[in-house]
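Peer 1: Using the hints, position chain B against chain A.
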Amino acid sequence: MIGLPLLYVLAGALFGAVAVRSAFDRTNRKRLGNAAFWGLMALSLLAGDAIGDFGNGLIVLGLAGLAGFGLVGRGAPVTTSEPEREVLSLRLGNRLFLPALIIPVTAMLGTLAWNYTPLGEAGWIEPKRETYVFLALGVVLALGAIFVWLRPPLLAPVEEGRRLLDAIGWAAVLPQMLAALGAVFAAAGVGDIVGSMARAAIPEGSVFLTVVVFALGMALFTMVMGNAFAAFPVMAAAIGVPLLIEDYGGDAAVIGAVGMLAGFCGTLLTPMAANFNLVPAALLELKDQYGVIRAQAPTALLLLGANIAILWLAAFR
Amino acid sequence: MSYLPLLGILIVVAGFALRLNPMLVVTVAGLVTGMLAGMSLPEVIAAFGKAFNDNRIIAIVWIVLPVIGMLERHGLQQRAAALIRSMRGATTGRLLLLYLAYRQITAAIGLHSTAGHAQTVRPLVAPMAVAAALAHGPLAQEETDKVKAMAAATDNVGLFFGEDVFFAIGSIVLIQQVLSTYGHDLTPLQLALWAIPSAIAAFVIHGGRLLLFDRRSSSSVAVAASASPAPVDRVEP
Chain A
2 MIGLPLLYVL AGALFGAVAV RSAFDRTNRK RLGNAAFWGL MALSLLAGDA
52 IGDFGNGLIV LGLAGLAGFG LVGRGAPVTT SEPEREVLSL RLGNRLFLPA
102 LIIPVTAMLG TLAWNYTPLG EAGWIEPKRE TYVFLALGVV LALGAIFVWL
152 RPPLLAPVEE GRRLLDAIGW AAVLPQMLAA LGAVFAAAGV GDIVGSMARA
202 AIPEGSVFLT VVVFALGMAL FTMVMGNAFA AFPVMAAAIG VPLLIEDYGG
252 DAAVIGAVGM LAGFCGTLLT PMAANFNLVP AALLELKDQY GVIRAQAPTA
302 LLLLGANIAI LWLAAFR
Chain B
1058 MSYLPLLGIL IVVAGFALRL NPMLVVTVAG LVTGMLAGMS LPEVIAAFGK
1108 AFNDNRIIAI VWIVLPVIGM LERHGLQQRA AALIRSMRGA TTGRLLLLYL
1158 AYRQITAAIG LHSTAGHAQT VRPLVAPMAV AAALAHGPLA QEETDKVKAM
1208 AAATDNVGLF FGEDVFFAIG SIVLIQQVLS TYGHDLTPLQ LALWAIPSAI
1258 AAFVIHGGRL LLFDRRSSSS VAVAASASPA PVDRVEP
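First to last, the protein sequences are chains A and B.
Count along the first sequence starting at 1, add 1, and that's the number in this note's numbering.
Count along the second sequence starting at 1, add 1057, and that's the number in this note's numbering.
Extracted from the complex, chain A is given alone in its bound form (with noise of 0.2 angstroms):
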């Protein structure tokens, strides 16, 4: 069956490849911290399983050292200028959209084949993970098509990978190393605390203002642990069911699914959930980390407000 573990040696493959390609990159002054760097990131997707907890936790100590001590900097792959790009975009006209195409088209008509014709019965693949697979074979098409079409140099897919993945740099892990300071977080009891206190701020008997205070508790515990999944069985545990649901009588669907987007409201306003506002920054390569944030807070406050509304006036119709 096809599942996570391949898609772990694919993507451990190009780590590892680009930590031996940045070893050697001469005009990177910190080329073995780069090779360090992305060296345990491969040992992580490839070994992980095998090297137990605690050699996974010296991973994570290796890449935070490496990345906080400003040990990782940026090789210089070699590709094409801006001026050829303009003409080899000329040159090939709107069929390069084709191959870029290729990816999201595969990861889509995989996905639905897979859910809604026979052949997800035919079970290859593992349970809820066919995204991924059909993304990556996505990928393998895309590469082939380029390979067959423009004949670039061999290693240029490696180089390209790194050419990307340096100007991410550390962006690249940190949401993984926010996931796993929520499940530390969650182990010291966090969320109970933040339980405890929002229950306190509530005013006794307005159903209005219960509503405000699970909303905007949702959001900042979001900011705070970086996802909305963490802030939910909390709020819900506090707020959401003993009070607007089980006391004032509120319809338990809204309260659970309009809660959670509240949740998602918080998500956008925060560096904590990484992968996407600080990765997209660094991906973009702005110059501010958190100009992603400031463009999407106006959205989120007022999407919050709405949010409150939806909650107020659907659930207690």
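Think of the hints as simulated: they come from the structure by calculation, not from any bench.
Positions of the beta carbon are idealized from the N, C-alpha and C atoms, including for glycine.
Each hint should be verified, as a subset may be incorrect.
[As the list claims (entries may be wrong)] So the derived label-pair ranges between C-beta atoms look like this:
1) B:P1245 x A:V208: 20 to 30 angstroms
2) A:F209 x B:I1257: 32 to 42 angstroms
3) A:L155 x B:A1071: 42 to 52 angstroms
4) A:L155 x B:G1095: 50 to 60 angstroms
5) A:A310 x B:L1081: 51 to 61 angstroms
6) A:T80 x B:V1230: 20 to 30 angstroms
7) B:L1081 x A:F55: 34 to 44 angstroms
8) B:A1071 x A:A114: 46 to 56 angstroms
9) A:V10 x B:N1078: 41 to 51 angstroms
10) A:L302 x B:L1081: 27 to 37 angstroms
11) A:F55 x B:G1146: 56 to 66 angstroms
12) A:A146 x B:L1067: 46 to 56 angstroms
13) A:V208 x B:V1261: 20 to 30 angstroms
[Unchecked claim] Cross-link-like lysine to any residue pairs, in silico, SDA-like; alpha carbons within 20 angstroms at most:
14) A:K288 x B:L1075
15) A:K129 x B:I1115
16) A:K31 x A:A77
17) A:K129 x A:G111
18) B:K1107 x A:D54
[To be verified] Which stretches of chain A does chain B cover? Using the computed rule of at least three CB atoms under 8 angstroms from a CB of chain B, they are:
19) 9-19
20) 32-44
21) 50-64
22) 89-99
23) 117-123
24) 158-170
25) 281-291
Peer 2: Using the frame of chain A, we list chain B on its own:
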């Protein structure tokens, strides 16, 4: 109840506010929180390592980078920009509005992982949005960054407020499980249905901002053009 574990949150907030390196901030916050909660140092390191390992799925998306990089090498961003320049009436706001609708609809039918910052925003959406803005005149670096940031923001808003309309997604399952432990049994479909009003609100609010973004940027470009005919930090169109 001891409030000591909250110190970890304080470290995170202070660290991000002071713009210290997030990788260090997160590690220190995790170690401190775990130890304040009574774990030994090796236990905290192991807990951190286990959670890191359990979340490796986040790293899989980077396998698209070689493809994106190879296409950039052959002029994909320039092509995306040229396509937008060839369209009359294409503006940053209208283009992103279209992408917002596309992202919400595909996420709502369960195709949330088919687009994203690496797969679509960097190679296609951001260069198209910048090209559409350049049609109204040159942009300073700061303004280019604003357009790119808005492209990324649009992807996030579309994803977050589309995906919950799909009933077989993790967050819907989580809501259902949490509420059922308290004896409130709901079907995923009921929950997905109540994600629709917020999805519409998101489209109206963010879509409205995108259309305003056009108006504001065209007036600011006009002002900039009349005030200083040759901006120093100019990006070649």
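Peer 1: Please go over all the hints and tell whether each is borne out by the structure.
Peer 2: Hint check:
| no. | hint | in the structure |
| --- | --- | --- |
| 1 | B:P1245 x A:V208: 20 to 30 angstroms | 27 angstroms, holds |
| 2 | A:F209 x B:I1257: 32 to 42 angstroms | 22 angstroms, violated |
| 3 | A:L155 x B:A1071: 42 to 52 angstroms | 48 angstroms, holds |
| 4 | A:L155 x B:G1095: 50 to 60 angstroms | 54 angstroms, holds |
| 5 | A:A310 x B:L1081: 51 to 61 angstroms | 41 angstroms, violated |
| 6 | A:T80 x B:V1230: 20 to 30 angstroms | 43 angstroms, violated |
| 7 | B:L1081 x A:F55: 34 to 44 angstroms | 20 angstroms, violated |
| 8 | B:A1071 x A:A114: 46 to 56 angstroms | 49 angstroms, holds |
| 9 | A:V10 x B:N1078: 41 to 51 angstroms | 30 angstroms, violated |
| 10 | A:L302 x B:L1081: 27 to 37 angstroms | 30 angstroms, holds |
| 11 | A:F55 x B:G1146: 56 to 66 angstroms | 60 angstroms, holds |
| 12 | A:A146 x B:L1067: 46 to 56 angstroms | 51 angstroms, holds |
| 13 | A:V208 x B:V1261: 20 to 30 angstroms | 26 angstroms, holds |
| 14 | A:K288 x B:L1075 | 16 angstroms, holds |
| 15 | A:K129 x B:I1115 | 15 angstroms, holds |
| 16 | A:K31 x A:A77 | 12 angstroms, holds |
| 17 | A:K129 x A:G111 | 13 angstroms, holds |
| 18 | B:K1107 x A:D54 | 5 angstroms, holds |
| 19 | 9-19 | holds (count 5) |
| 20 | 32-44 | violated (count 1) |
| 21 | 50-64 | holds (count 12) |
| 22 | 89-99 | holds (count 8) |
| 23 | 117-123 | violated (count 0) |
| 24 | 158-170 | holds (count 8) |
| 25 | 281-291 | holds (count 8) |
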